[in-house]
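There are 2 protein chains.
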Amino acid sequence: MKTLAESRVAVVGLGLMGGSLAGALRGHCAEVVGIDPDRAAIAAGTARGLINWGAVDLAMGVQEADVVILATPVRTILKLIWEMGPMLCPGTLLLDLGSTKQQIVEAMEALPPVIHALGGHPMCGKESSGIGAADPELYQGKRFILCPLSRTTEETLARGEELVRAVGAIPLVLEAQRQDRLTATISHLPYLLACGLTAVAAEGQAADPLLREVVASGFRDTSRLAGSDVTMMRDILLTNRAEVLPALARAVDQLQTLGALIEQDDEGALQKLLAEIREQRRSLLE
Amino acid sequence: MKTLAESRVAVVGLGLMGGSLAGALRGHCAEVVGIDPDRAAIAAGTARGLINWGAVDLAMGVQEADVVILATPVRTILKLIWEMGPMLCPGTLLLDLGSTKQQIVEAMEALPPVIHALGGHPMCGKESSGIGAADPELYQGKRFILCPLSRTTEETLARGEELVRAVGAIPLVLEAQRQDRLTATISHLPYLLACGLTAVAAEGQAADPLLREVVASGFRDTSRLAGSDVTMMRDILLTNRAEVLPALARAVDQLQTLGALIEQDDEGALQKLLAEIREQRRSLLE
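Top to bottom, those sequences are chains A and B. Counting in numbering that gives the first Met the number 0, the first sequence runs from 0 upward without gaps. Counting in numbering that gives the first Met the number 0, the second sequence runs from 0 upward without gaps.
By construction, these hints were calculated from the structure, which means they are not laboratory data. Any given hint could turn out to be false.
Identical chains share a label here; the pair holds if one copy fits it or two copies do between them.
Taking lysine to aspartate or glutamate pairs in the EDC-like style, the calculated list, with each CA pair at most 20 Å apart, reads [said to hold, decoys possible]:
1. K125 with E262
2. K271 with E126
3. K78 with D264
4. K125 with E278
5. K125 with E174
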């Protein structure tokens, strides 16, 4: 088994996440190959020194790779897992960066056992997308969740953790369903709330064009995630329906509780609830 | 009538907003007096050079002031307007910094006409509160809404605009109901969504203590406003019920629309809606 420093790493999908990971891996492995159907992304990745070389053809790009990392939207990852099984050498470490993990880990279980597969989800991102926004520092100090398959060996997990640490991130090993439930609350729900807010503001802007003049940092921050890549988020929401829908229902419940206290003009209860929530946030972030 | 440069300005309430405004006004007026029942706030304001001197007694502090600025939570502003009418000299400019304006402007209308009153709402803030967080640069480049009373003269409005420009902000004159409707959407609704998200995350943390380990910037930004001062926000919500409740209902509608598309696994419609929302946000912020 080669060490990471001796490995050729192929990154499939040169967007924000893949391009940043490729750049972060340069110097920690023998060679970084970028694979993307978009030649402009490969040209940008090469020009910026994020990859050693690129390929538009999947089979050619992953040939002789020791590590393959899937960095596309989740449902493309699912398709790639089906397609690429026969292309990989025995002993290849296959990792992905998708935000939902149950369906991906399930698809990986069906690969030949000589492929050493592992689900991954780095807890970082940006409002902007595409390789133009790629930043090799993106993973520094961030959590990187790893979801083992039932067959994943200690050795495979150790290879995954080595790679995570090489890009500056902190590994956290979680069972796939647990990761999907936690990220539904902490990541997918905030996206939906940001979208709901933006849609209401757009209605408000249509009703009164002065609205844009009073936009301030509160709206900007609360709606920030609504600027995320649409295909990426669509795939996340649709592959995590079982966890996203209950999280959304709980949020609607909480909003209706707040609305009822406002409607009843219940000063004492409203103050108490808002103070509890403020303290909950402080405690979650400390 | 004295110019701003010749005026004594009294700021009532030395929190984040009042302390910052006081500091921003230093050098633009003859003297800045800080009024607060909390002696520690006055001591901090003096030590940091935000005010020339302070008073815990309202009547003493506003005596001989040419400009009085109310920088407390909204319902305290309402009480202060009732109380302080008899304390003010004829010709005093009375301005407030409350986020909701209909009830305040209505209360101001009942003051003797020799008091030149004007509603104000600066569109800036911070997650942190108190004079310790005060920053004379807080108003730089930010919108500062001014809501005239029916009796407000051009001259009074010009004095308000001069003061707004002196602290580096950009005046925007709006009728009180219109300001309350716009800020319900762009400022008070984001606060409620941030609170709803935080409450759901706290439930999630209670169910699985690992949740805090996967908190990332998405949650942090979307929930930021839930860290706002509780009394300030309670007063805002309760004095703007007529606009906040419909905005909240529209947000719940939008969230349910998104939830329905996820539940129906409607890939095309979900992609289309998310793309529209992303574009709406870009357009609102450009």
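These are the hints, each one checked on the structure:
1. K125 with E262: neither (37 Å within a copy, 27 Å between copies)
2. K271 with E126: Answer is between: at 19 Å across copies they meet the 20 Å cutoff, but 34 Å inside does not.
3. K78 with D264: Classified as between; 18 Å across copies, 53 Å inside a copy.
4. K125 with E278: between (27 Å within a copy, 16 Å between copies)
5. K125 with E174: neither (25 Å within a copy, 38 Å between copies)
Violated hints for the displayed structure, listed by number in ascending order: 1 and 5.
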